[in-house]
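All chains, please: the whole structure from these sequences, using the hints.
Respectively, the protein sequence lines represent chains A and B.
The working numbering applies: residue 1 is where the first sequence begins, and numbers increase by one.
The working numbering applies: residue 114 is where the second sequence begins, and numbers increase by one.
Everything labelled a hint here was simulated from the structure, so no lab data went into it.
Any given hint could be a false lead.
What the hints assert, rightly or not - Rough simulated footprint, nothing fancy, chain B against chain A, three-plus residues with beta-carbon under 8 Å:
| # | segment |
| --- | --- |
| 1 | 43–57 |
| 2 | 76–83 |
| 3 | 103–113 |
As the structure is a prediction and not an experimental result, all values here were calculated from the model.
All C-beta atoms in this analysis are idealised placements derived from N, C-alpha and C, irrespective of residue type, glycine included.
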Amino acid sequence: AQTVTQSQPEMSVQEAETVTLSCTYDTSENNYYLFWYKQPPSRQMILVIRQEAYKQQNATENRFSVNFQKAAKSFSLKISDSQLGDTAMYFCALVRGADGLTFGKGTHLIIQP
Amino acid sequence: DTEVTQTPKHLVMGMTNKKSLKCEQHMGHRAMYWYKQKAKKPPELMFVYSYEKLSINESVPSRFSPECPNSSLLNLHLHALQPEDSALYLCASSQHPNTEAFFGQGTRLTVV
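In structure tokens form, the structure reads like this:
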């Protein structure tokens, strides 16, 4: 079985600040993918960033970057220059084979003006 | 185009009703999924179709019946639901079963 743990139920930062969301996971597999998804109040789940486990280089997408530590099974998301539109639930997720996504419990991120 | 379209967006049904949720994608994805999401919780996997064949059924009650008529369409047939089945139902698709999934906007289901 695989598990994903997000230990921060809620975080709040000021606009333009940098924020880091934590995620740890457990899997016995060597080949897997990790993702961060964002779910704003509009409820659609939006893919923010992906990381392939076999790649050592950390993924980046504009203001979003990850710190992937495979040995420690850690996958944190850094949001730079945070914006009001970043307010949402953020889910860390793992996929292995044809098992579908395993999600963490989520972190509610609030960006204050 | 990374769009997954779900209809209807909202549905209210009685416990004796039969209804269907629909999902469509035109990205050529070969895996499609149904997830159930309760308020303030992560999505929970219900069904996975891989290459139009049901590959995972996460012990979902038989009152939920999935159907995959072709590689672009996914239905979820609902019958004799309970109030605790009220939730957001999310459809997703991915190019292959082990790659990133793209989600639809969901159907907000209320069972009365």
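Verification of the supplied hints:
no.	hint	in the structure
1	43–57	holds (count 6)
2	76–83	violated (count 0)
3	103–113	holds (count 4)
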